[in-house]
Amino acid sequence: MSLEKITKNLMLKGGTLIDPHNEKTYNADVLIKDGKIHEIGRFEKSESCEIIDCMGKVITHGFCDLHVHFREPGREDKETLKTGSLAAMAGGFTRVCVMPNTNPPLDTPESIHFIKKKAEDAPIYIHPIGAVSKGQDGKDITEMGLMHKEGAVAFSDDGLPIQDGGIMRIALEYSKLIGVPVINHAEDECLRDGGHMHEGTVSTHLGLAGNPDLAESTMVHRDLELAKYVDARIHVPHVSSAKAVDLIRDMKKHKDDVTAEVTPHHLFFNDEDLRSYDTNLKVGPPIRTENDRIALIAALKDGTIDCIATDHAPHTIENKETTFDLATFGMIGLESCFGVVNKIMCKESEMDLIKLISLLTCSPRKIMGFEPDLFVKGTSAEITIIDTEEDWIFSKEHIKSRSINSPYIGKKMFGKVLYTISRSHIFKNIIN
Amino acid sequence: MLKNKHLLGLEGYPREDIQTIIETAFNFREVLDRPIKKVPSLQGVTIVNLFFENSTRTKISFELAQKRLSADTVNFSASSSSLKKGESFKDTAQNIEAMKIDAVVMRHPTPGAPKHLTKFIDSVIINAGDGTHEHPTQAILDMMSLHEKFGKLKGLKVGIIGDIKHSRVALSNIYGLKIMGAKVTLCGPPNLMPKNIEELGVNYSKDVDQVIEWADALNVLRIQRERMGRGLVPSIREYRSFFGITSERLKKHMKEIVIMHPGPMNRGVEIDGEVADGDKAIILDQVLNGVASRMAILYLLCGGKKVEGE
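If you read the sequences in order, they're chains A and B.
Each residue of the first sequence is one higher than the one before, counting from 1 in this note's numbering.
Each residue of the second sequence is one higher than the one before, counting from 1001 in this note's numbering.
The following block holds chain B by itself, in its conformation from the complex (with noise of 0.2 Å):
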């Protein structure tokens, strides 16, 4: 049903499919709304959820969006496996191959760790964040939560702001946004941009209050602690004074504007708890989209297969 066998990340992905999988999620989005959230799209499908990487929400809504479409699922994750025992990333995706699985839901530090794995293994690939590469499924929740918001994507007009070039949510929201016709702008320290960024088709903004005044949405990005005051921001305060996305800054605005956080928040730091709980935010709003997107997703790649005999 899509045009690619994998979802490896949004560079370059078509734009229909983009849009059958956003209307997909909607359909299931239903689903996630009735009393009984089960249907049995998937039934007899094996996925194995790899993460070599911490992640708590990406996991969950990746698990509870298989329970829901009734897929069997495996989890593993780099802590509990041999890969601490010095195994190759190759000999793990064979051996969990070997074991007859239909598809690979993987979370990996490496940029390009999915595609590597394309070479190892037939199963059906989905990226679910490699390092500071793409995260595409992000992404389609996030283009989701801005649909079911605006009606439309064309024309949009959102703000990302933080840390874009240690970014994977920033990369693929861009490719998404821009295939899907949105104007983004990006909004952060100098230094925390990636080279010719504005070779992807977005501008840059060093003046938080100009993208505030500019945009319909803002995708506030996580700033990793550990990157503070370690040179490459000096400190909270500072970044917060430059770039937080504080209640007195929106109300400075007067103006209407839409508020996502992909997740997990650092209150206090690049958005204000008051924000976050406030009525402009969305972001619980993408948390349900996300299972509703990746229950997309697996259903467009992973569906169709008939169990043995029926």
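So that you can see chain A by itself, here it is in the shape it has in the complex (with noise of 0.2 Å):
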């Protein structure tokens, strides 16, 4: 695995190229001249070029995640913006949302510009969000406006949901001024009342507090309502509950700007999974039963939830070598990502390989306001090349996070990301 300056001109040659913007599927080269697509089409081999076989593979868009955790400033032992690009590239990502819950957290337009400056070598893009409230208090709104304009694209108190209706108001109103999403991390914290799984069946045999669905799904209820109240734009991170699935399919017949997203954990594990008292799925919130799993994946194929994020969210080992009350919530995700949803939702779900890609990729461009329509001659290129029939497992080497809380070590995975093409980078997923 390595991470690699484009420095000769690249021709990606013979595999199938997936155009989700466009939903076309056709057989072509692709040559990158200067970091940009130079033409699409078919070419012979020359010298100056660096030939990547692509045959038997598909060539797609760069994967974006709107909701990843790097941990800068404040917690660089658990992730960095350098190494959570390189998980990012591991999985195919070349553009990624980083939440403002770091220490101290993003909430001034000072702390934005601070993030943009630092990730303007990175080796993808980074996009901050800015915090919704000081110090993610629930409080005072920040500064927005100023925010926006060093660069936050959508604002979230990440982690800390906003507990008060009259807050969540605010800065819903508050937003429209710049047009952009409010994410609230929807859980009450009254309801939650300290719970560590999703309460049901497995933790009353397990003996672990529960935080029963409705947590979710009346925090979802009151930020949809209010963001029709005021028109503003909701968007739902981390849907867990096929009560949430509902209420958002119910709200998208009034109101088309309502957008959710979904974990690929949430996709993959049930709280069955829990048995094992595996603090790598200590997460919040928290892996639900069964019968959510399958909502979810149905709300993916009814359109109801518009993309798949990670929540990568890195912790130390210590976090999660220790009893499960004292382990913190989060799994790391960007690297197992594909595998992942490819599994679920292509091989066991019959989705078709394109609408899932476009889960990754122009969906979630599309929510945050980024270019969705990558395949443009002299567009920066963003591809991401994929054997999409691989199976494999997924063990630590594939880790490049700095941490390692990844409860997929030894699951299998269908489907593999073999190389990431961002910002003049390229890296190379192959395991010598």
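Be aware that a few hints might be false.
Claimed, not checked - Per the computed footprint, the stretches of chain B lying under chain A, defined by three or more beta-carbons under 8 Å from a beta-carbon of chain A, are:
{"id": "1", "segment": "1026-1038"}
{"id": "2", "segment": "1087-1098"}
{"id": "3", "segment": "1108-1117"}
{"id": "4", "segment": "1124-1133"}
Said to hold, decoys possible - Think about it this way: if two alpha-carbon atoms lie no more than 35 Å apart in a straight line, the pair counts; the simulated DSBU-like pairs of lysine-lysine are:
{"id": "5", "chain 1": "B", "residue 1": "Lys1090", "chain 2": "B", "residue 2": "Lys1100"}
{"id": "6", "chain 1": "A", "residue 1": "Lys134", "chain 2": "A", "residue 2": "Lys82"}
{"id": "7", "chain 1": "B", "residue 1": "Lys1067", "chain 2": "A", "residue 2": "Lys412"}
{"id": "8", "chain 1": "A", "residue 1": "Lys411", "chain 2": "B", "residue 2": "Lys1067"}
{"id": "9", "chain 1": "B", "residue 1": "Lys1067", "chain 2": "B", "residue 2": "Lys1005"}
{"id": "10", "chain 1": "B", "residue 1": "Lys1003", "chain 2": "B", "residue 2": "Lys1067"}
{"id": "11", "chain 1": "A", "residue 1": "Lys139", "chain 2": "A", "residue 2": "Lys243"}
{"id": "12", "chain 1": "B", "residue 1": "Lys1195", "chain 2": "A", "residue 2": "Lys301"}
{"id": "13", "chain 1": "B", "residue 1": "Lys1003", "chain 2": "A", "residue 2": "Lys396"}
{"id": "14", "chain 1": "B", "residue 1": "Lys1003", "chain 2": "B", "residue 2": "Lys1100"}
{"id": "15", "chain 1": "A", "residue 1": "Lys82", "chain 2": "B", "residue 2": "Lys1090"}
{"id": "16", "chain 1": "B", "residue 1": "Lys1090", "chain 2": "A", "residue 2": "Lys396"}
{"id": "17", "chain 1": "A", "residue 1": "Lys412", "chain 2": "B", "residue 2": "Lys1005"}
{"id": "18", "chain 1": "B", "residue 1": "Lys1119", "chain 2": "A", "residue 2": "Lys347"}
{"id": "19", "chain 1": "A", "residue 1": "Lys13", "chain 2": "A", "residue 2": "Lys416"}
These are computed hints drawn from the structure, not numbers from a lab.
Just so it is clear, the structure is predicted and the values come from calculations on it, not from any experiment.
We put the beta carbon where it would ideally sit given N, CA and C, even for glycine.
Take each chain as given, in its own frame, and dock them per the hints.
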């Protein structure tokens, strides 16, 4: 596995192009010059080019993740913009939005500027999401306008749900000034009540404090109604329950700019998997029942949920190698994402590959207002090359993140990202 | 001799093994009635009692069981340990095992902690209570006491009264009793019942008189005083009025019934002093059977190890 700066012209030869934005699949070669798409067509091999043999492989847009935690500033021992970028490229991602729950949080124009400046030389595009409230205390809203000018693409107090409905209303109304989405981690803290996993039969068996699905759904309901009432944009992150899916589906009939995301882990696991007390499966919102998992798959298929986002949340070994109550919430997810969602959605749930790819590419880009049409001459090349049929086992070797808190280690994956091209860099995902 | 190396909980525990433990416990019970109450069964075996949470009777019961079996024991409790200095659970466990021990008896406030411990150490692990999850040795001694009284467990009707949601005693009793073919009805305030508890094959009743009328035995759980008046239970008098096992209540029913309590009791709250001291109660038998049960468990899990050179 290696990251290289592209020095020569690059020719992607013999692959199948999937253009999710224009909904087209065709065989062609891609010529990349100076990091930009120079031409798409049929080319003879040339001495001046580095050739990547793409025979039997899929060439598509670089993935875009609306929800990652790169922990900078403050917890560089867990992740940095640099190591996070590598993890992203290992997973086929060329563009990510970093959540503001850093230390200090990204709650000022200056801190947004810090991220933008620091990410200038990164091999992927990193967009900061600004905090909704100062210090993420859920009370006073931040300088959203100035933060947006510095590059904040959305606002969220992720990890710390905004409990006060009045503040949420103010935030949503004020966000209309700039027209970007507010993302609220939807959990009612009173109903969550210290719960460590989904409340249900399994939590009863394990004796672990439960977090009921309505802690999410009542909050989703509030947020959707508020967004409708003040006509603002709301994006629901990491939907975990069938109840929340139903509410979003219903609201979409009345309000077409409501969007939502789901994580790979909520599609892959159910609460039965927690019987092992694996602390890597301790996430917020919790992994719920098989019924919820099925509802999430259906919601992706029918368009109720608009995209897949990893909620990549690195934590130290000490954070996770402890008893369940003390373990922190979250798992890493960038490197394993495609192998997981391709397995669940395409192999097991009969989704078309092009549809799945759109959930990782043009669909999240549209939510954030990023350019979704990437196979255009002159566009900076953001490309992911995939073997969509490869069976493989996820292991520690595949992790480029600074942290290794992944419950997928040892799990079977289907489909693998081979190369990621972004910002004149190429990541080669070949383990020697 | 038992199928599982550890005793982490009774969920899915083999029926025959529970049977074996109880039978062995009755044998050790005889030992406890002898003038010299000590056997050499676990000579040379080193057991650590690792208590991350306060306990009086469970700890004494285990210690006594170990001494009766001639095992060497060391006690470790969180208050006196380096855990307070920020040492991790993993380090504590590995350090203790590095000193060459054979078994760990652990009490911990977190559900799943004994299972977590199995990842770090090779010794036999016995769960002496993990938070709101399980307390398997308590359930074994409860079943032994019921068996002593009724001569069987199959078909026996047992009511468990109190805060089921926060009770490891309840959960282990439910698993154990169901495996042994007993019938279980839970009774207590609805907000102190865990979600989907009926999926464990038990009934729920909010009417304690109905349960008394139905049951052969009641296992009355301690209602934590901390929970009183803090939203979960409005007051002691209200709890007592609806769920307290009072002498008036028992007199009203005029039936044979066995009263158990895992201790420590709140006399005058979940159980009247008169009932606790009365002839229906087998609470002190439970305590004695606790030593015998723990002797049986330790013997079956740690026995068979020969001292070097023997």
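* Asked: Lys1090 (chain B) and Lys1100 (chain B): Cα distance at most 35 Å?
  -> 16 Å, holds
* Pair hint outcome, Lys1003 (chain B) versus Lys1100 (chain B) [Cα-Cα no greater than 35 Å] -> 24 Å, holds
* CA of Lys1067 (chain B) to CA of Lys1005 (chain B), is that 35 Å or under? -> 22 Å, holds
* Given the hinted pair Lys1090 (chain B) and Lys396 (chain A), is their alpha-carbon gap at most 35 Å? -> Given pair Lys1090 (chain B), Lys396 (chain A) holds - Cα atoms ~21 Å apart, limit 35 Å.
* Quick check: the segment 1026-1038 of chain B, covered by chain A? Criterion 3+ residues, Cβ under 8 Å. -> violated (count 0)
* Would you check the hint for Lys1067 (chain B) and Lys412 (chain A), treating anything up to 35 Å between C-alpha atoms as holding? => Between Lys1067 (chain B) and Lys412 (chain A) the Cα gap is close to 49 Å, so the pair fails against 35 Å, i.e. violated.
* Asked: Would the pair Lys139 (chain A) and Lys243 (chain A) pass a check requiring their Cα atoms to be no farther apart than 35 Å?
  -> 28 Å, holds
* Asked: Taking a Cβ-Cβ distance under 8 Å as contact, does the segment 1087-1098 of chain B have three or more residues in contact with chain A?
  -> As far as the segment 1087-1098 of chain B goes, the hint holds, because 3 residues have Cβ atoms under 8 Å from chain A.
* Measure nothing beyond the straight line between the CA atoms of Lys82 (chain A) and Lys1090 (chain B); if it is 35 Å or shorter, mark the hint as holding. => 31 Å, holds
* Verify the proposed pairing of Lys1003 (chain B) with Lys396 (chain A), using a straight-line Cα cut of 35 Å. => 33 Å, holds
* Given the hint that Lys411 (chain A) pairs with Lys1067 (chain B), does the C-alpha gap stay at or below 35 Å? -> At roughly 46 Å apart (the allowed maximum being 35 Å), Lys1067 (chain B) and Lys411 (chain A) break the hint.
* Examine the segment 1108-1117 of chain B for residues whose CB is less than 8 Å from any CB of chain A, and state whether their number is three or more. => Three-residue rule met by the segment 1108-1117 of chain B, so holds; n is 8.
Of the numbered hints stated above, those contradicted by the structure are hints 1, 7, 8, listed in ascending order.
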